[in-house]
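Since chain A is already given, all that's left is putting chain B on it; use the hints.
Chain by chain, the residues run as shown.
Number of protein chains: 2
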Amino acid sequence: MIKRLNHISVAVDSIDDALKFYRDLLGLEVVETAKLEDRQLNVAFVKAGDTEIELLEPTSQDNTVTRFLERRGPGLHHICLEVDDLAAAMDELSARGAEFVDPEPRLGAVGQVAFILPEVGRGVLVELNQPDTKKA
Amino acid sequence: MIKRLNHISVAVDSIDDALKFYRDLLGLEVVETAKLEDRQLNVAFVKAGDTEIELLEPTSQDNTVTRFLERRGPGLHHICLEVDDLAAAMDELSARGAEFVDPEPRLGAVGQVAFILPEVGRGVLVELNQPDTKKA
Chain A
1 MIKRLNHISV
11 AVDSIDDALK
21 FYRDLLGLEV
31 VETAKLEDRQ
41 LNVAFVKAGD
51 TEIELLEPTS
61 QDNTVTRFLE
71 RRGPGLHHIC
81 LEVDDLAAAM
91 DELSARGAEF
101 VDPEPRLGAV
111 GQVAFILPEV
121 GRGVLVELNQ
131 PDTKKA
Chain B
1 MIKRLNHISV
11 AVDSIDDALK
21 FYRDLLGLEV
31 VETAKLEDRQ
41 LNVAFVKAGD
51 TEIELLEPTS
61 QDNTVTRFLE
71 RRGPGLHHIC
81 LEVDDLAAAM
91 DELSARGAEF
101 VDPEPRLGAV
111 GQVAFILPEV
121 GRGVLVELNQ
131 PDTKKA
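Heads up: the protein sequence lines correspond to chains A and B, in order. FYI, in my numbering the residues of the first sequence are 1 to 136. FYI, in my numbering the residues of the second sequence are 1 to 136.
If we strip away everything but chain A, and leave its shape as in the complex, we get (with noise of 0.2 Å):
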């Protein structure tokens, strides 16, 4: 059903701050950047391999990303895998006792989106999603 680790993802105080570690130190290339304006976020994309390192920037008090740095300051903040349908893979895992932040697929940056309960992950938020058709 997992395809692949779609993208891990780091909140970060500035985007810009962290690609002079990603980018200019580590030399990794910066393959997307977008905002976020439904969620109050910037994001940036790098590469690393078969799979990205998503920087997440937020743009307002009222956000998840805020509270996060408020209580731990930046760091690792999710891992996203990857499936091809969405939908049948919150049915299956449903069954199998997972429980969902969002009961439906959402558009985020990497097409459809659901998040699994870190309670359920065992202390690891854990976002799958199917890319864009367009995108894939």
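These are computed hints drawn from the structure, not numbers from a lab. Check each hint, because a few of them may be wrong.
Any copy, or any two copies together, can satisfy a pair, since identical chains are not distinguished.
Unchecked claim - Using 25 Å as the maximum straight-line C-alpha spacing, the simulated DMTMM-like pairs for lysine to aspartate or glutamate come out as follows:
id : residue 1 : residue 2
1  : 47        : 85
2  : 47        : 92
3  : 47        : 91
4  : 20        : 91
5  : 20        : 132
6  : 47        : 16
7  : 3         : 29
8  : 47        : 84
9  : 20        : 92
10 : 47        : 17
11 : 20        : 99
12 : 35        : 50
13 : 3         : 24
14 : 3         : 17
15 : 35        : 70
16 : 20        : 119
17 : 20        : 102
18 : 20        : 84
19 : 35        : 24
20 : 47        : 119
21 : 20        : 85
22 : 20        : 104
23 : 47        : 99
Relative to the frame of chain A, chain B by itself:
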């Protein structure tokens, strides 16, 4: 210089319990388990596409993973980026301002490894690894 994300690591209280999520619920394959006597850790690797998720379970109190679990609870611990030549990568990254936990590569679960200080990684602990030639 960086070839791929070799693995991400998750600190867990119990590998047996964590496998109920990664193996039984998500359906990921366990590809390796090991006991790292010198680091007082049990580890398990599960496959996620071209990369792996490493589960880290401490076997003693005197352990950085034990302290991580006490401070933050179970969750994402570090990421590991693979290189061809670790000594050369350390030289190059040091010239760009990176600092390492240990000045020389040492033997880890995934060949020769070195950790970049989390201060350099903006709160993310980043391991570099050069796989064992016999395993590569």
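Results of checking the hints against the structure:
no., hint, verdict
1, 47 - 85, "both (24 Å within a copy, 20 Å between copies)"
2, 47 - 92, "between (30 Å within a copy, 19 Å between copies)"
3, 47 - 91, "between (31 Å within a copy, 22 Å between copies)"
4, 20 - 91, "between (41 Å within a copy, 18 Å between copies)"
5, 20 - 132, "neither (30 Å within a copy, 30 Å between copies)"
6, 47 - 16, "within (16 Å within a copy, 32 Å between copies)"
7, 3 - 29, "both (23 Å within a copy, 12 Å between copies)"
8, 47 - 84, "both (21 Å within a copy, 17 Å between copies)"
9, 20 - 92, "between (41 Å within a copy, 15 Å between copies)"
10, 47 - 17, "within (17 Å within a copy, 32 Å between copies)"
11, 20 - 99, "between (37 Å within a copy, 14 Å between copies)"
12, 35 - 50, "within (23 Å within a copy, 28 Å between copies)"
13, 3 - 24, "between (30 Å within a copy, 16 Å between copies)"
14, 3 - 17, "between (32 Å within a copy, 23 Å between copies)"
15, 35 - 70, "within (21 Å within a copy, 36 Å between copies)"
16, 20 - 119, "between (33 Å within a copy, 13 Å between copies)"
17, 20 - 102, "between (35 Å within a copy, 22 Å between copies)"
18, 20 - 84, "between (34 Å within a copy, 23 Å between copies)"
19, 35 - 24, "within (22 Å within a copy, 36 Å between copies)"
20, 47 - 119, "between (29 Å within a copy, 21 Å between copies)"
21, 20 - 85, "between (36 Å within a copy, 22 Å between copies)"
22, 20 - 104, "between (37 Å within a copy, 24 Å between copies)"
23, 47 - 99, "between (30 Å within a copy, 22 Å between copies)"
Of the numbered hints given earlier, the model fails hint 5 alone.
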